[in-house]
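2 protein chains.
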Amino acid sequence: MPVVIQGSASPSLSSKLSKEMGWRLVRPEMRRFPDGEIYLRIAAGLKGQEVVVVQSLSPPQNEHLIELLLLLDLCRDLGAKKVTAVVPYLAYARQDRRFREGEALSIKTVAKVLERADRVLVVEPHSKESFSHFRRAREIRVFTLLGRYLGSLDLKNPLFLSPDEGSLQRVKEAAQAAGVEFDCLWKERLSDTKVKVEWRKPEVGGRDVVVLDDIISTGGTVVEACKLLKGARKILACCVHGLFVGDAVHRMRSAGIKEIFSTDTVESSFSRISVVSAIASHL
Amino acid sequence: MPVVIQGSASPSLSSKLSKEMGWRLVRPEMRRFPDGEIYLRIAAGLKGQEVVVVQSLSPPQNEHLIELLLLLDLCRDLGAKKVTAVVPYLAYARQDRRFREGEALSIKTVAKVLERADRVLVVEPHSKESFSHFRRAREIRVFTLLGRYLGSLDLKNPLFLSPDEGSLQRVKEAAQAAGVEFDCLWKERLSDTKVKVEWRKPEVGGRDVVVLDDIISTGGTVVEACKLLKGARKILACCVHGLFVGDAVHRMRSAGIKEIFSTDTVESSFSRISVVSAIASHL
Chain A
1 MPVVIQGSAS PSLSSKLSKE MGWRLVRPEM RRFPDGEIYL RIAAGLKGQE
51 VVVVQSLSPP QNEHLIELLL LLDLCRDLGA KKVTAVVPYL AYARQDRRFR
101 EGEALSIKTV AKVLERADRV LVVEPHSKES FSHFRRAREI RVFTLLGRYL
151 GSLDLKNPLF LSPDEGSLQR VKEAAQAAGV EFDCLWKERL SDTKVKVEWR
201 KPEVGGRDVV VLDDIISTGG TVVEACKLLK GARKILACCV HGLFVGDAVH
251 RMRSAGIKEI FSTDTVESSF SRISVVSAIA SHL
Chain B
1 MPVVIQGSAS PSLSSKLSKE MGWRLVRPEM RRFPDGEIYL RIAAGLKGQE
51 VVVVQSLSPP QNEHLIELLL LLDLCRDLGA KKVTAVVPYL AYARQDRRFR
101 EGEALSIKTV AKVLERADRV LVVEPHSKES FSHFRRAREI RVFTLLGRYL
151 GSLDLKNPLF LSPDEGSLQR VKEAAQAAGV EFDCLWKERL SDTKVKVEWR
201 KPEVGGRDVV VLDDIISTGG TVVEACKLLK GARKILACCV HGLFVGDAVH
251 RMRSAGIKEI FSTDTVESSF SRISVVSAIA SHL
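Sequences listed follow chains A and B, in order.
Position 276 of the first sequence, counted from 1, bears residue number 276 in this note's numbering, the numbering being contiguous throughout.
Position 152 of the second sequence, counted from 1, bears residue number 152 in this note's numbering, the numbering being contiguous throughout.
I should point out that these hints are in silico values taken from the structure, not numbers from a laboratory.
These numbers come from a predicted model, not from an experiment.
Among the hints, a few may not be true.
Since the list can't tell identical chains apart, any single copy or any two copies may satisfy a pair.
[Claimed, not checked] Below, a list of computed lysine to aspartate or glutamate pairs in the DMTMM-like style, where the Cα atoms sit at most 25 Å apart: (1) Lys108 - Asp35; (2) Lys156 - Glu224; (3) Lys112 - Asp77; (4) Lys81 - Glu115; (5) Lys108 - Asp118; (6) Lys201 - Glu50; (7) Lys112 - Glu50.
Generate the whole structure from the sequences, applying the supplied hints.
Given below as C-alpha cells:
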C-alpha cells in the first residue's frame with residue numbers, strides 16, 4: 001500500500017489525502033539548523049514502497065522547493081520504488097515565457113529539478129506554456145469542483161466573472177458546473193507593438209458576482225475588477241491558489257469584496273474548498 | 001574572453017575575480033515579485049561565450065541555491081558554451097553522512113542540482129565525504145593563504161589551534177605557511193556505542209593564540225575553546241567561511257576573542273582575507 005509523505009507546506013491536504021486513500025501518512029522530522037539549513041529525516045521504512053510526496057510550492061517558494069527536492073531524493077535513497085510528487089501549487093508558473101530578452105525561464109528550472117520524481121501531479125498550473133516544460137507530469141483541473149462548491153452557496157442571480165481572457169475557459173467550466181451565467185471582464189490583446197485593452201461592463205445590477213481566477217496574489221486584479229462592478233448586490237472573490245501576499249485581504253475587503261474563498265493548494269484560513277478528491281482521482 | 005556573472009551573494013568576490021582575470025563582469029538584473037519569486041535577467045549576449053557564475057551558498061542558503069540554479073540554466077539558454085559555477089561557500093556540506101537512520105543526505109541533492117554546470121569549483125568544502133557526491137568538481141584549498149595572512153600580522157609567539165581533529169591537517173597547512181607552531185585542542189573518537197572526548201590543554205601562557213577552523217557558524221566551538229586557553233596573551237578567531245549566525249560575534253567577543261577574521265567566501269565586515277587569487281589559479 002502506498003505511503004503519503006507530508007511536506008511542511010501541505011499539512012492539512014496531505015492528511016486528508018491519506019484518509020481519503022486509506023494510505024499511511026508519514027510526517028518527516030523537520031527542523032532548521034541554527035544557520036538556516038533544513039534538517040530532514042524519515043524514520044519510517046520505505047524500501048520497495050510506492051510513495052506520494054505532497055508539498056505545495058507556496059511562499060516561501062524557494063524554501064518549499066528545496067524541501068521537496070530533499071524529500072524526493074530521501075525517499076529514493078530509502079529504497080522507495082515509485083516516487084510521485086503532488087505539487088498542489090506550482091511556483092514560478094507565471095514566468096513561462098520571455099517577456100523581455102534575457103529573462104530567466106524559471107519554470108523550466110523548476111520542471112527540470114522535479115524530474116527526480118517518477119511523476120508529478122500539479123493542480124491548475126496556470127498556463128499551457130508553464131506546463132509544457134514538464135515531462136511525466138499531469139495537470140489536475142479543479143474549476144468544476146470550484147463551480148460545484150459555489151453553486152451550493154445561497155447566491156442571488158449569480159454571475160461568474162473572469163478578470164481576463166486567460167481564465168475565461170476555466171471560469172466557463174466552473175459556471176457550467178454551477179449552472180450559472182459567466183462573463184469576461186476585459187480582453188487583453190497583444191500585438192507586436194502594443195497592448196490593446198478592451199473593457200466590458202457586464203450588467204450586474206442586483207446580482208451576486210463571483211470574481212474567479214486561478215491565482216490571487218496581491219489582489220490587484222480583483223480590486224481593479226471591483227471598480228467595474230458598481231451596482232452588484234454582493235461581490236465575492238474565489239480562486240484556486242490563494243497567496244494573499246502582504247495586505248491583499250485588507251485591500252480586497254476595502255474594495256468591497258464580501259467573501260473570499262480559496263482551495264487548500266495554499267493552506268490558509270480562506271481554504272474553504274479542498275482539492276483532495278481531485279488529487280485522489282489521479283492516484 | 002570569458003565572462004564573470006555576479007550572483008547576489010558574492011558581489012565583492014565576483015567583482016574582484018573579474019578584475020583579477022581581466023574578464024568582463026555581468027551583473028544580472030535581479031528583483032523579487034511581490035509573492036517572493038525571484039526575477040532574473042541577463043541583458044548581455046552570452047552566445048558562444050565561456051561564463052563563470054560566482055554565487056556563494058551562504059544564508060539564506062536555499063534562496064541563494066535557487067538563484068544559482070536559475071543563473072546556470074539562464075546562461076545555458078542564452079547560448080553560453082561552457083558554464084562554470086564558482087561556489088565560494090558550499091551549503092549543506094555538514095550533512096555529508098547519515099548520523100541517524102533515515103536522515104536526508106542533503107549535500108547529495110545539492111551536488112546533483114549543480115550538475116547542470118560543466119564544472120564546479122568549491123572553496124574548502126568542509127569534508128571529503130561532502131565532496132565525494134560531486135562529479136566534475138574541484139576543491140580550492142585556502143588554508144595556506146590564511147596562514148600567509150596571519151603570518152603577516154604582528155603576533156607574539158603565535159600558536160595556531162585546531163578546535164578538533166577534523167581541521168587539524170588544514171591548520172597544519174596554515175601554520176607551516178606562517179612558520180608558526182600548531183596544536184589540536186581536543187580529540188573526538190566515536191566508537192560503536194559512545195563518544196570519547198579527550199581534552200588537551202596546550203601551553204598558551206603569554207602567547208597569541210589563533211583558533212582556526214573552516215566554518216564559524218554560531219561560534220559555539222570557538223567559545224568552548226576559549227575556556228581552555230586561560231593565560232593566553234590574546235585570542236583570535238579565524239575561519240574560511242564566517243557565517244556568524246545570530247549573536248555569534250557578541251558571544252565570541254564576550255568569551256574573550258579580541259579579533260575575528262574570515263575570508264570573502266561569505267561576505268561580511270569580517271572578510272579581511274580574499275580568496276580571489278586561489279579561485280583565479282583554478283580558472
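Worksheet entry | Those earlier numbered hints the structure runs against, lowest number first | 6
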